[in-house]
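Chemist: Residue numbers (my numbering), protein chains in the order written: chain A, 1 to 380; chain B, 381 to 697; chain C, 698 to 1005.
Since the hints were made in silico from the structure, they are not lab data.
Please note that the accuracy of each hint is not assured.
[Unchecked claim] Chain A stretches covered by chain B per the calculated footprint, using a threshold of three residues with CB under 8 angstroms from any CB of chain B:
{"hint": "1", "stretch": "71-80"}
{"hint": "2", "stretch": "90-101"}
[What the hints assert, rightly or not] Label-pair ranges, simulated between beta-carbon atoms:
{"hint": "3", "chain 1": "A", "residue 1": "47", "chain 2": "B", "residue 2": "585", "range": "47 to 55 angstroms"}
{"hint": "4", "chain 1": "B", "residue 1": "529", "chain 2": "C", "residue 2": "780", "range": "43 to 51 angstroms"}
{"hint": "5", "chain 1": "B", "residue 1": "690", "chain 2": "C", "residue 2": "771", "range": "26 to 34 angstroms"}
{"hint": "6", "chain 1": "C", "residue 1": "734", "chain 2": "B", "residue 2": "485", "range": "17 to 25 angstroms"}
{"hint": "7", "chain 1": "B", "residue 1": "536", "chain 2": "C", "residue 2": "745", "range": "13 to 21 angstroms"}
{"hint": "8", "chain 1": "B", "residue 1": "688", "chain 2": "A", "residue 2": "185", "range": "49 to 57 angstroms"}
{"hint": "9", "chain 1": "C", "residue 1": "734", "chain 2": "B", "residue 2": "586", "range": "18 to 26 angstroms"}
{"hint": "10", "chain 1": "A", "residue 1": "79", "chain 2": "B", "residue 2": "431", "range": "48 to 56 angstroms"}
Backbone N, C-alpha and C define an ideal beta-carbon position, used for all residues, glycine too.
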Amino acid sequence: MSIDNMTDEVAALIEPTGVDAVSFRGATRYYPKSDVAALDGFDLEVSAGEFMVLVGPSGSGKSTALRMLAGLEGVDAGSIHIGDVDVTHLPPIQRDIAMVFQDYALYPHMTVAENIGFHLKVAKVSRAEITARVNVTAEMLGLTPYLGRRPAALSGGQRQRVAMGRAIIRRPKVFLMDEPLSNLDAKLRTQTRNEIARLQRDLGITTIYVTHDQVEAMTMGDRVAVLRDGALQQCDRPKRLYQRPANTFVATFMGTPSMALLDAHLDGEAAALPGHAPIALTREQRAALTGGHVIVGVRPDAVSVVPAGQGIPGTVEVIEELGNESFLYVRAELAGQSATIAVQDRDGVMEIAPGAMVGLRVSPDMVHLFDGGTGLRLPD
Amino acid sequence: MTDLKHSSASSATSGAGGATSPLDAQRRRLRLPFILPAVIFYTVFFVAPSLASFVISLYRWRGAGDEPEWLGLGNFLRLFNDDIFRGAFVNTLIVLLVVGAIIFALGFFFTAFVAEMRGKHLLRALIFFPSLVNPVVLAIAWGFILDPTRGALNTTLEAIGLGNLKQVWLGPQLIFPMILLTMAWMTVGLFTVILMAGADRIPVSLYEDCDLAGASIGQRFRMVTLPLLWEVAAVAAVLWVITAVKAFEFIYAFAGVGTAPPRSTWTASVYVYMQGFGSQGLPELGRASAMSVVMLIVVGVLVVVLRRLMSRQKVEF
Amino acid sequence: MAVQFADQRTSEPRPRPRGGTGRLRRGTPAPLARRRTPLRMLGMAAVWLWVLFNLAIFVWMLLSSLKSDGEVFADPWGLPNVWRFDNYVRAWEGSDLGTATLNSVFLVAAASVFTVAIGALAAYPLSRLQSRSSNVTLMYFVLGMGVPLQSIVVPAYIAMAGLNMTNTLGGLFLLYVGFSLPFTVFLLTGFFRTLPTRLEEAAALDGCSAFRTFRSVMLPLARPGIVTALLLNVVSLWNETLLALIFIIDDGRQTLALAILGFYGTMLYNSAWGALFAGVCIVVLPMLLLYLWLGKNIMDGMTLGATK
């Protein structure tokens, strides 16, 4: 069943009662006995109905931000707002949010139906309405045959859907999801990823989704916020993040294989890369430099292999064959530095074995340039 | 995952930050009404009497109707000059050391072998069962078995032609050694099961690696089980100190069939009972309290010493 | 737009693989099965000897309770000539074990349930709030586990005498609750700590008050721990003798342990050995049944403190 072909009465049972924007304003969190902020002056505006993904390595503060919004974590400085309401000190239930936990947090002693309907029961909704809403929700998620089962008797994917159902049935103003797919196997994860994205678009509920998986971030979010060490690095549409990473961290975090970073120094009006033609810098770029160093970021599609003796010399270390495409990982030696550069083999025609000596040529118009001192992107 | 774990235990007490989350604030309101009943019952009916025994130990008091008379440390001084007390004190130490040595030796022995045997759950259950039986009942059973004239042990020895091994098991010479042996028998189960539970937590993969390396059962035990069991054994040793010092029912029932137990068998706990309640004459409540204070101090000292002796770097696995 | 999730099929049973020969071999031991060295054989024999000895003692107790008084000594290892089930009637009626059993049942049930009830209430917040004051409170309870019971008997006796509660089961009840609480709180705090905090967070988001979270989510989850705590209290109180010996004088108010001790004391005069063993079995059998039924809980609980 889908929302489109539901009758109005049935659809009314699951459609959200309203959507609201969320904003973090300088939200800061220190854990007890720690002097390092888990989240430091975090500012983020999520507009109503938007799918916002928070991504970052573990310890980056993304889960902390989510839990602060849920009211599970205290706020040491700054504030958090849902719509016009400052929720910084409100108990969780008054925030009108629903959350899907990484481990689903299903109540093991309750059946699927009881799990999904538990919030309504606590809220003293009539039994008839609970039953009706549980049934619609279960139908939507394909859980109807399992309503009488306990979580222990469900597969991982089914449990994940129960957790989703428990959130959906509440018709909250905001959905929070904390790595909801990380306990699923790879195939199921891809499928469920798309379903969640579609479900969110259908229901139009403001959603904040935490993950460490950049593929999830790129494919699901309307916008993606990248965090590191408790600080926001960049927040933008996925495509922009990939095309115009604001700093070297975002540049290497988004995209697989990772962007290679090569040190170059300013030589006149260009960045000189040892063994390679200089890469010209614009006047704005030169003006933005804080020192004489430039970092040249190279994604696999910005490099091509040329015969040994030309370009940057390197040795093929590993060949990663993915079926539809393949990558060469080349250990490149550039006067004083050595870096592993991934090269995309677009046509799969390179007949090269590991250990082979090759040359690399970078396409100057496809590189990303960063300041050597701050790591920030130079203006385009 | 790890950052979530300690965050859930957060509170507003310390550190650079750590504002109370709205969820914690909810929990906090429950604390007092939830904890108070247990604290009150425990304080009034256990802690207060324990502390009061310190006060009473400073008086001579012969029970209801008698006016308590201040003695200061007199009770304690008298204790140390009292042969019966010193005998009881030494007996307590003997129980602690001899029985302790037996149960830990057997406990480790069983742990090493039972783990490798078929039906180990059944074996474990049967080794453990005596721990669930009232020591009084076990003392009665042993009384019947060891009865010098008609007891099962002597009659059986006779029947199988080993009559010359017959002994007056419950006579003055042998009764205390018999108490030690039977106490060891009845206590081994609990401590074995504790050690086994500790051994169960050792990852199977370590033993599988031993198999691949061709280690013998002795090597497996010495090189894997024992080091990883050390911490559990340390806790078990503390538990044994407490158990041994307060052991009363078994000795009382074993040695005193209808009469007072012979003095050679008295331990500190029997002494407290006999001084305070059991003797025919007037009770010596002050002296009994002094004895219990001594026991409490002994337990405290031994626990601290044991923890020092057995403390090692914590092994995480 | 259809919201359709995958993974609908995972719950269906998979076809079992079949062996080619038609006959399935099961439980083939790994090729590295350990060698049977003499040391191993000796050790295993010793374990079996010990276990059989334990078993023999209890079978002997049971058989003795069904023998005539003379047979108990005359033929300790044989089966009874005549199965004297009336030993139990003699013990139950003649020696007042009946009253004592009922006293014990009520006292033990009341004290265990009450202890676990207030112990669980205290253990829940203690397991959750990591503040200094809760740690101190927990430590306060744990220290009680190291205090020998002998240390409280004299003052407790004096206090109970002042309240006219010596020689009453009510007085015993209060003391039982007091001395059972340290271990109960310790055990249950450890147990509550093993329960995921994530579920409490989910409950908070679902709108549960802290009390509702305790009642609807944590308490049902803690049931195994609560059962274990109950069992351990039942075992320890059923077998408790020292306090009963000191506080109870009246035959009509004796607990079972006290009654059997008294029975044993008079045995010198009445030689009712068969009945004495019947009494012994009345003490032991309830524990045995409990053990057969819920033995794993008991063993786990008793070892929990040392291995956690």
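Chemist: All hints, please: hold or fail.
Modeler: Tested hints:
Counting residues of the stretch 71-80 of chain A whose beta carbon lies closer than 8 angstroms to any beta carbon of chain B gives 6, which reaches the threshold of three, so the coverage claim holds. Here the stretch 90-101 of chain A counts 3 residues with a CB under 8 angstroms from a CB of chain B, which clears the bar of 3, and the coverage holds. Take residue 47/A and residue 585/B: their Cβ atoms lie about 51 angstroms apart, and the range 47 to 55 angstroms holds. For residue 529/B and residue 780/C, the Cβ-Cβ distance of about 27 angstroms falls outside the hinted range of 43 to 51 angstroms, so the restraint is violated.
Here the CB-CB span from residue 690/B to residue 771/C is close to 50 angstroms, at odds with the stated 26 to 34 angstroms. In this structure, residue 734/C and residue 485/B meet the distance hint of 17 to 25 angstroms, their C-beta atoms being roughly 21 angstroms apart. With their beta carbons about 20 angstroms apart, residue 536/B and residue 745/C fall inside the hinted range of 13 to 21 angstroms. Range check, residue 688/B to residue 185/A: about 50 angstroms between beta-carbon atoms, so the 49 to 57 angstroms window is met.
With their beta carbons about 21 angstroms apart, residue 734/C and residue 586/B fall inside the hinted range of 18 to 26 angstroms. Between residue 79/A and residue 431/B, the C-beta spacing of about 50 angstroms keeps the proposed range 48 to 56 angstroms intact.
Hint check: violations occur at hints 4, 5; the rest are consistent with the structure.
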